[in-house]
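Enquirer: Next come the chains, spelled out residue by residue.
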Amino acid sequence: MAINFGKYDTGQAPTDQEKSLSCFHCGEPCPDNTIAIGDKSFCCHGCKTVFEILNVNEMCDYYSIEDTPGITPKQDLISDRFEYLDDETVKPQVIDFSDGKIEKVTFHTPTMHCASCIWLLEKLHDMDPRIFSSIVNFPRKQVNITYNREEMKLSETAALLSTLGYEPLVSLDTVGKREQSSAEKKLYLKIGLAGFAFGNVMILSFPEYLSRFGSVDPTFKLVFGYLSLVLSIPVLLFAAKDYYQSAWAGIKSRTVNIDVPITLGIGMLFFRSAWEVLTQTGVGYLDSFTGLVFFLLVGRLFQQKTYEVLSFERDYKSFFPLSVTRKINNVEAVVPVSKLKPGDRIVVRNQELIPADSVLLKTEAYIDYSFVSGESTPVTKIAGDFIYAGGRQAGTTIELEVIKEPSQSYLTQLWNNDVFSKPRFSRLNVLVNQVSHYFTFGVLAIAIIASLYWLQFDTATGIKVFTAVLIVACPCALALSSPFALGTAMRIFGRKGFYVKNTDAVEALSKIDTIVMDKTGTLTESRQETIEFSGEMLTHEDQEIIKSLVQHSTHPLSQKIFQALDFQAVYAVDNFEEISGCGIQGMVEGHSIKLGSAKWLGIQEDANDAEDMKTRVLLSMDDKVLGSFLIANVFRKGLRPLLSDLKKQFDMYLLSGDTEREKATLVNLFGNEENLLFRQTPENKLDFVTKIQGEGAHVLMIGDGLNDAGALRASEVGIAITDDVSAFSPASDGILTGKNLHLLGSFIKMSKATTSVIVASFVISIIYNVVGVSFAVAGKLSPLVSAILMPASSISVVVFTTFTTSLRARMMKLT
Amino acid sequence: MYVMFILMAFSLSVSLIFLGAYIWSVRSGQFDDKYTPSVRMLFEDKKISKKTEPGLDSGEKNEENK
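Going line by line, the protein sequences match chains G and E. Going left to right, the first sequence walks through residues 1 to 815 as our numbering numbers them. Going left to right, the second sequence walks through residues 1001 to 1066 as our numbering numbers them.
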């Protein structure tokens, strides 16, 4: 079941008839009504068990909040699979807090999706008295559980969640790094403080502004001045701290970023105001000062739109399991993956990951490499075959011998490449910093020239003019235009299923000129395949017979055929046999049925299959070949118009780990045969991107699997395609839902439009500055002029950028 | 006119109380999750009769969470 990002999408409401056959717990269709309690039918025993647990605990309210909220719990997983969590080396990394009787842990449970989930997960204490409380953070899909340490093990809490269908996801990655939220908390505090100071200082400044219409008692003036100064000190010391740090870091690396003129402006504002207040020569510009910091911080918050449930930093660690079952002298024990050594024997069960490069010992494996390559059709391996880490076993339990340590495997070695240690983004290229370079020196020059001019007449005016120029030229509007324009674009993208990591990525996207794409899972749908039968028409009975046969096989192809057939599996199968690498056979209703490869059935393979991305399973009944099931990958919706549009504007490349079997189709799509590269290893992809970058290309990489991770990282912009945003996707600058891939061209266009909006708003803010500087140069910058000009320029620029960006998006039909 | 100073002292102290409340709310994690509480407040507490003292609502849980 696909979990949607954010709110639960019920899709189409089931009709009444469908409803009667859908599972009371999870809403999936039930094959029959054999699994039922009273009038409630269930699709599987897992769902029924969850219902029973809830029923016993009088918690059936779960079903009244949302219709069929449940998740089918994963079945046939071993019950002690969480035991490694109690391991002395693992547990301290997982739990948040432990003291005396209580222990707290936060689990990530990607399957939570609706209000019922929140309700149930927060009622765990009614279900198990050893749990004191549980709190859900829905946007992060986390549940924080406080339990009795003396009576309950960590593994038991995980198992409880799992039995309810909320399988906790514990990986090497979630362990270790915690609490990135403290930076956001600090920003909230800073905004609160600056806003508080701004409001109060503004009120305290009013009497001064109104003094033109009547006199103000000098005592008030004095008190108001001092009060404003006191209120502004925390703003200077705490709220605006980041700007000084960033400016200093810029100067140290010999660049003038936008924070340098901001820091200059802030510093001048405060110190000149302080001097005026202390010497009682004026009231200063403290309201402009606090307002400026407040607006800048609000801009920062707007820019920091984060998609909490998504992670843009995942590497293999977030995907590899924490533990594995190791077998020593026929005794199985769950050990942390990091303890694996070459030569160890490990046991991998259905749906578990192979954590290290190893050799298969027993007996036959179907390895699904979809996380690595995007290829969803599993590969069959037999005893003695080498299996790369990262594959997922589909089918029976297998035994392997570890050849390499998990960190040294074929796949994980990719992360030893330099690109992963270098900082990702150089903010140097960001438009606003390029402008600020000229801006700062221009303003400094004007300030010096103007003050030199005034110094001929009067020293005091000279200094006043110098500070006034720096104050009024403080690029508040300039600094706000990018965050608001890019932040707006980012939100628009988010509504269209394109989640961007930060605003820098939006800007970088506008500069790309080359697009590199992965094939499997990126251009093709990773989960959807078409299955059709070609050959003689199958009767109703035939289909039931076939379904009965494939039911007994765990081979992924068998399961796909099983799902594709509409009828019920009603017949008993005799002499069922599964022959590795060939197919399955059995006697059903007196017919001898064989399903398998062409070679096994003694038929010439069809050469066309390879070209059409098709996998063929032949069917023979009573030694007569009736036809074959064709299982084909499908290209994503709207791919052809997208590619023909993109190839006009960009250099397009395709990097596929696959063989050339689909070359003809792809040449048709991409046009240029030389730009299609096949049999690419993860390192090849990475090297290719660095190579064309060396030739001056600005690369957008689009991929989906761990094998693209290097290329995604090396490129200017790396976008990961995924069908389920809460599922795994490799580290990237943006995550794009597969069904919206056809909008890619619009996204790039939108990012270009956004940069032009930024440039336009630069022009506006420079005009404001020219007006302000002309006041300042003439020595006439009164606090009132400053108090009007600065917020007015900031707000108008914010309104302009937000409005025009949204307007451009509407014109591109992106809203 | 000097009564203004008393008024100012009042208004400032009131706004300082609000600032303090805001800082407390940020620190205690009320801004960490801006969605779940909106759903949580709509749940009914039916099981008051059974065992728990009626206190264990989300507010108190939040405190524990600190």
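It is possible that some hints are incorrect.
[What the hints assert, rightly or not] Simulated coverage check for chain G against chain E, where a stretch passes if three residues somewhere in it have a Cβ under 8 Å from a Cβ of chain E: (1) 112-124; (2) 138-152; (3) 264-270.
[Claimed, not checked] Facing chain G, from chain E, some residues (calculated, C-beta under 10 Å): (4) Val1003; (5) Ile1006; (6) Met1008; (7) Phe1010; (8) Phe1018; (9) Tyr1022; (10) Thr1036.
[Said to hold, decoys possible] With a straight-line cut-off of 27 Å between C-alpha atoms, the simulated BS3-like cross-links for lysine-lysine are: (11) G/Lys647 - G/Lys496; (12) E/Lys1034 - G/Lys496; (13) G/Lys186 - E/Lys1034; (14) G/Lys749 - G/Lys813; (15) G/Lys752 - E/Lys1034; (16) G/Lys752 - G/Lys511; (17) E/Lys1034 - G/Lys185; (18) E/Lys1034 - G/Lys104; (19) G/Lys647 - G/Lys813; (20) G/Lys663 - G/Lys752; (21) G/Lys813 - G/Lys496; (22) G/Lys739 - G/Lys813; (23) G/Lys780 - G/Lys464.
Hints in this document: simulated from the structure, not taken from any laboratory. Backbone N, C-alpha and C fix where the C-beta goes; we use that ideal spot for every residue, glycine too.
Enquirer: Compare the structure with each hint and give your call.
Expert: Right, here's what the structure says about each hint:
no. : hint                 : verdict
1   : 112-124              : holds (count 4)
2   : 138-152              : holds (count 5)
3   : 264-270              : violated (count 0)
4   : Val1003              : violated, 12 Å
5   : Ile1006              : violated, 12 Å
6   : Met1008              : holds, 8 Å
7   : Phe1010              : violated, 13 Å
8   : Phe1018              : holds, 8 Å
9   : Tyr1022              : holds, 5 Å
10  : Thr1036              : holds, 4 Å
11  : G/Lys647 - G/Lys496  : holds, 23 Å
12  : E/Lys1034 - G/Lys496 : holds, 22 Å
13  : G/Lys186 - E/Lys1034 : holds, 16 Å
14  : G/Lys749 - G/Lys813  : holds, 12 Å
15  : G/Lys752 - E/Lys1034 : violated, 32 Å
16  : G/Lys752 - G/Lys511  : holds, 8 Å
17  : E/Lys1034 - G/Lys185 : holds, 13 Å
18  : E/Lys1034 - G/Lys104 : holds, 22 Å
19  : G/Lys647 - G/Lys813  : holds, 21 Å
20  : G/Lys663 - G/Lys752  : violated, 32 Å
21  : G/Lys813 - G/Lys496  : holds, 10 Å
22  : G/Lys739 - G/Lys813  : holds, 16 Å
23  : G/Lys780 - G/Lys464  : holds, 10 Å
Violation of the numbered hints given earlier is confined to hints 3, 4, 5, 7, 15, 20; the remaining hints are satisfied by the structure.
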